[in-house]
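Asker: Chain by chain, the residues:
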Amino acid sequence: MDTLLSVENLTVKFRLRQGDLTAVDNVSFTLGRGERLGLVGESGAGKSVTGFSLINLISKPGFIDSGSIRFEDIEITRLSDTAMRKVRGEKISMIFQDPMMTLNPVLTIGTQMIETLRAHVGCSRRQAEAIALENIRKVHIPSPEKRLKQYPHEMSGGMRQRIVIAIALMASPGLIIADEPTTALDVTIQAEIMDLLLELCATEGVGLILITHDLAVVSQVTQRIAVMYAGRIVETGDTQQIVHRPKHPYTQGLLAALPQHSNRQNRLNQIPGVMPSLIKIPPGCSFHERCDLCQDLCREQIPQLNEKSSGAHVACHLAE
Amino acid sequence: MFAFIVRRIAQAVLVMLVISVIGFAIKSAVGDPVRDLVGIAVSVEERMALREELGLNDPLPVQWVRFVTNAVQGDLGHSYFFKKPALEVILKKAPATIELVLCSSLIIVLFSIPIGIFAAVKPNNFFSRLFMSLSIVGVSIPVFLTAIILIYIFAVELHWLPSYGRGDTVRIWGFWDTGLLTWDGLKHLVLPSISLSSIMLPLFIRLIRAEMKEVLETDYIKFAKAKGLKLSRIYLLHAFKNTLLPVITVGGVQLGTMIAFTVLTETVFQWQGMGFIFLEAVERSDTSLLVAYLVVVGFIFVLVNTVVDVIYGLVNPTVRITGRK
Numbered sequence: 001m002d003t004l005l006s007v008e009n010l011t012v013k014f015r016l017r018q019g020d021l022t023a024v025d026n027v028s029f030t031l032g033r034g035e036r037l038g039l040v041g042e043s044g045a046g047k048s049v050t051g052f053s054l055i056n057l058i059s060k061p062g063f064i065d066s067g068s069i070r071f072e073d074i075e076i077t078r079l080s081d082t083a084m085r086k087v088r089g090e091k092i093s094m095i096f097q098d099p100m101m102t103l104n105p106v107l108t109i110g111t112q113m114i115e116t117l118r119a120h121v122g123c124s125r126r127q128a129e130a131i132a133l134e135n136i137r138k139v140h141i142p143s144p145e146k147r148l149k150q151y152p153h154e155m156s157g158g159m160r161q162r163i164v165i166a167i168a169l170m171a172s173p174g175l176i177i178a179d180e181p182t183t184a185l186d187v188t189i190q191a192e193i194m195d196l197l198l199e200l201c202a203t204e205g206v207g208l209i210l211i212t213h214d215l216a217v218v219s220q221v222t223q224r225i226a227v228m229y230a231g232r233i234v235e236t237g238d239t240q241q242i243v244h245r246p247k248h249p250y251t252q253g254l255l256a257a258l259p260q261h262s263n264r265q266n267r268l269n270q271i272p273g274v275m276p277s278l279i280k281i282p283p284g285c286s287f288h289e290r291c292d293l294c295q296d297l298c299r300e301q302i303p304q305l306n307e308k309s310s311g312a313h314v315a316c317h318l319a320e
Numbered sequence: 001m002f003a004f005i006v007r008r009i010a011q012a013v014l015v016m017l018v019i020s021v022i023g024f025a026i027k028s029a030v031g032d033p034v035r036d037l038v039g040i041a042v043s044v045e046e047r048m049a050l051r052e053e054l055g056l057n058d059p060l061p062v063q064w065v066r067f068v069t070n071a072v073q074g075d076l077g078h079s080y081f082f083k084k085p086a087l088e089v090i091l092k093k094a095p096a097t098i099e100l101v102l103c104s105s106l107i108i109v110l111f112s113i114p115i116g117i118f119a120a121v122k123p124n125n126f127f128s129r130l131f132m133s134l135s136i137v138g139v140s141i142p143v144f145l146t147a148i149i150l151i152y153i154f155a156v157e158l159h160w161l162p163s164y165g166r167g168d169t170v171r172i173w174g175f176w177d178t179g180l181l182t183w184d185g186l187k188h189l190v191l192p193s194i195s196l197s198s199i200m201l202p203l204f205i206r207l208i209r210a211e212m213k214e215v216l217e218t219d220y221i222k223f224a225k226a227k228g229l230k231l232s233r234i235y236l237l238h239a240f241k242n243t244l245l246p247v248i249t250v251g252g253v254q255l256g257t258m259i260a261f262t263v264l265t266e267t268v269f270q271w272q273g274m275g276f277i278f279l280e281a282v283e284r285s286d287t288s289l290l291v292a293y294l295v296v297v298g299f300i301f302v303l304v305n306t307v308v309d310v311i312y313g314l315v316n317p318t319v320r321i322t323g324r325k
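These protein sequences, in sequence, are chains A and B.
Letter 54 of the first sequence, counting from 1, is numbered 54 in this note's numbering, and no numbers are missing.
Letter 181 of the second sequence, counting from 1, is numbered 181 in this note's numbering, and no numbers are missing.
With the rest of the complex left out, here is chain A (with noise of 0.2 angstroms):
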């Protein structure tokens, strides 16, 4: 499998009044062509700026500190505005997490679905409805025609989610990055996103990366998980084999943390403690404070993501 993406010691930081605050450390990963790859880790973790920083729209006052972003042979941390603006949407798409706010409440759908496609190729209005009118069947809309002249208040969630996705297809990019893409639905729609999404990935051959703290859904979909914690990148590897053996002791954790359909009656497990806050990650092993294996070296030093008997990589230097 060639590479789409490689993402080589990622660092954004944020600005702010009382100094810098590191969001994303150090971050590594590739990405195949038509590969899935599940970002995981709790709110805070640096999964949906690791995200936006891959089409470089990071939230003022961050900014990609460090690091390379290769996608195809672009790099794109060295993009101009306007280079930068041609990748966005035709090379990589983005899905938001709110579909109620994703689109604009005073443009109908036609309108924001053929811009996507205008924006990048030189197409007439004719052609470029024509694909929009494909790519609400390919979300499983019925009567398309209908649907271009709406407005977006006069359909539901889920529908609104499918057509970010339609739009997100419109200019045929290499790789979709998926933000919390079924958060904010109910949970039967939620299935049926996920669903449409691996559909659409698997017959476009289209890469994705979808952040989500929802492991059950990473299971699923991706073939490979990144779990990342305080802005690092813990545990790396095969889905299968992370959820089935999880080697850091925050996987561990989080894993352990969902409900069981066996024992239906306990408590669920939790992990003592909280993520630390940004601002003072402790020295060492970021997860330290919380872990129950916790020694000396833990304290003073950064673990590398090393590999591991399973095969996956690892930043623990406790795992084997």
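Treat the hints as calculated values from the structure; they're not laboratory data.
Some clues are possibly wrong.
[To be verified] No more than 30 angstroms apart at the CA atoms, straight line, and that leaves these computed lysine-lysine pairs for DSBU-like:
{"hint": "1", "chain 1": "B", "residue 1": "Lys-84", "chain 2": "A", "residue 2": "Lys-149"}
{"hint": "2", "chain 1": "B", "residue 1": "Lys-84", "chain 2": "A", "residue 2": "Lys-86"}
{"hint": "3", "chain 1": "A", "residue 1": "Lys-60", "chain 2": "B", "residue 2": "Lys-83"}
{"hint": "4", "chain 1": "B", "residue 1": "Lys-225", "chain 2": "A", "residue 2": "Lys-149"}
{"hint": "5", "chain 1": "A", "residue 1": "Lys-60", "chain 2": "A", "residue 2": "Lys-86"}
{"hint": "6", "chain 1": "B", "residue 1": "Lys-225", "chain 2": "A", "residue 2": "Lys-60"}
{"hint": "7", "chain 1": "A", "residue 1": "Lys-138", "chain 2": "B", "residue 2": "Lys-222"}
{"hint": "8", "chain 1": "A", "residue 1": "Lys-86", "chain 2": "B", "residue 2": "Lys-92"}
{"hint": "9", "chain 1": "A", "residue 1": "Lys-86", "chain 2": "B", "residue 2": "Lys-187"}
{"hint": "10", "chain 1": "B", "residue 1": "Lys-230", "chain 2": "A", "residue 2": "Lys-149"}
{"hint": "11", "chain 1": "A", "residue 1": "Lys-60", "chain 2": "B", "residue 2": "Lys-213"}
{"hint": "12", "chain 1": "B", "residue 1": "Lys-230", "chain 2": "A", "residue 2": "Lys-146"}
{"hint": "13", "chain 1": "B", "residue 1": "Lys-241", "chain 2": "A", "residue 2": "Lys-86"}
{"hint": "14", "chain 1": "A", "residue 1": "Lys-86", "chain 2": "B", "residue 2": "Lys-122"}
{"hint": "15", "chain 1": "A", "residue 1": "Lys-138", "chain 2": "B", "residue 2": "Lys-122"}
[Unchecked claim] Cβ-Cβ distance ranges computed for the label pairs, FRET-style:
{"hint": "16", "chain 1": "A", "residue 1": "Asp-296", "chain 2": "B", "residue 2": "Asn-125", "range": "52 to 58 angstroms"}
{"hint": "17", "chain 1": "B", "residue 1": "Lys-213", "chain 2": "A", "residue 2": "Gly-122", "range": "29 to 35 angstroms"}
{"hint": "18", "chain 1": "A", "residue 1": "Lys-60", "chain 2": "B", "residue 2": "Ile-153", "range": "41 to 47 angstroms"}
{"hint": "19", "chain 1": "B", "residue 1": "Lys-213", "chain 2": "A", "residue 2": "Val-121", "range": "31 to 37 angstroms"}
{"hint": "20", "chain 1": "B", "residue 1": "Arg-129", "chain 2": "A", "residue 2": "Lys-86", "range": "31 to 37 angstroms"}
{"hint": "21", "chain 1": "A", "residue 1": "Ser-59", "chain 2": "B", "residue 2": "Val-15", "range": "19 to 25 angstroms"}
We put the beta carbon where it would ideally sit given N, CA and C, even for glycine.
Chain B: place on chain A using the hints.
Answerer: Just chain B now, kept in the frame of chain A:
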């Protein structure tokens, strides 16, 4: 949409009825039509007879119904000073005021939109800061002061522009005296329009900037950026169309307020419009004319607001849907 328009018109009629009550109250409390009609030489008995004949002894509600019935037919009473129907006097002066308000609105629209958008998109730019500071100064100087300063600079010192009156006017459509078609008329319009817009323009710049800044923070603008759209399209279509909604609402009310503001501007510039006539009517206690002015201005206010609401419905698809139900 049709149902929406019908509902708005019904509301407008209701507001006009309330205005008629106020107008009627002023008329019956302040004025004495008998005094307007006859001199001091008429005896008390004759006055009483005249009151009876004019229906002034009828119960107030009956008189009010008569007032409204007449008003609907275009009869707002007689101006005792001009010896003409009050409505005719007012309408004769209306073109002057309408042209003045129109020019001011034009100035406001032409300047507030580009400046407001620029200040929202580049909040830290030197010019944005300059315009924001100037707008505070603009809002705080009263219209009549701006007018006097303008007259001093451009009329008294520089002799560039005339300081009072409408200049040469041309009659079009048989009833409308316009100053827009002659060079002299246009020159006379400049200072009054600038003075009249001096309060509203900074207000609108600030309003557009504030609304636009809020819109630029939304997810759909970020999504538009993620789609790779050109910044010009994001600002001028995606963001500005959403900014317009609140601006239109405020704009309608302010347009009405501006018509009321012409009283000051017209007085300073001796502009022969409705506001000028109104002040004269107050000085002469010409009650009928006063009430006619009130009703006409109220009518324009309501009309403008209704039109604005309909335009709002056209811009905002959500309103259109509610109307369809």
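Asker: For the pair supplied as a hint, Lys-86(A) and Lys-122(B), confirm whether the alpha-carbon distance does not exceed 30 angstroms.
Answerer: With Cα atoms ~23 angstroms apart, Lys-86(A) and Lys-122(B) stay inside 30 angstroms; holds.
Asker: Take a look at whether the Cβ-Cβ distance between Lys-60(A) and Ile-153(B) falls inside 41 to 47 angstroms.
Answerer: Between Lys-60(A) and Ile-153(B), where Cβ atoms are some 43 angstroms apart, the hint holds.
Asker: Verify the CB-CB distance for Arg-129(B) and Lys-86(A) against the hinted window 31 to 37 angstroms.
Answerer: holds, 33 angstroms
Asker: Is the Cα-Cα distance between Lys-86(A) and Lys-92(B) 30 angstroms or less?
Answerer: violated, 60 angstroms
Asker: So if I understand the rule, the pair passes when the alpha-carbon distance is 30 angstroms or less; does Lys-84(B) with Lys-86(A) pass?
Answerer: Given that 30 angstroms is the threshold and the Cα spacing comes to 71 angstroms, the pair is violated.
Asker: Would you say the C-beta atoms of Asp-296(A) and Asn-125(B) sit inside 52 to 58 angstroms of each other?
Answerer: holds, 54 angstroms
Asker: When you check the alpha-carbon spacing of Lys-230(B) and Lys-146(A), does it fall within 30 angstroms?
Answerer: Given that 30 angstroms is the threshold and the Cα spacing comes to 27 angstroms, the pair holds.
Asker: Check whether the Cα positions of Lys-225(B) and Lys-149(A) lie no farther apart than 30 angstroms.
Answerer: holds, 22 angstroms
Asker: For the pair we were handed, Lys-60(A) and Lys-83(B), check the Cα-Cα distance against 30 angstroms.
Answerer: violated, 69 angstroms
Asker: CB of Ser-59(A) to CB of Val-15(B), is that within 19 to 25 angstroms?
Answerer: violated, 45 angstroms
Asker: Are Lys-230(B) and Lys-149(A) close enough, with their CA atoms no more than 30 angstroms apart?
Answerer: Judged against 30 angstroms, a Cα distance of about 23 angstroms means the pair holds.
Asker: Next pair to validate is Lys-138(A) with Lys-222(B); report whether the Cα-Cα distance is within 30 angstroms.
Answerer: It holds: about 25 angstroms lies between the C-alpha atoms, which stays within 30 angstroms.
In this structure, the hints that do not hold are numbers 1, 2, 3, 8, 9, 15 and 21, in rising order.
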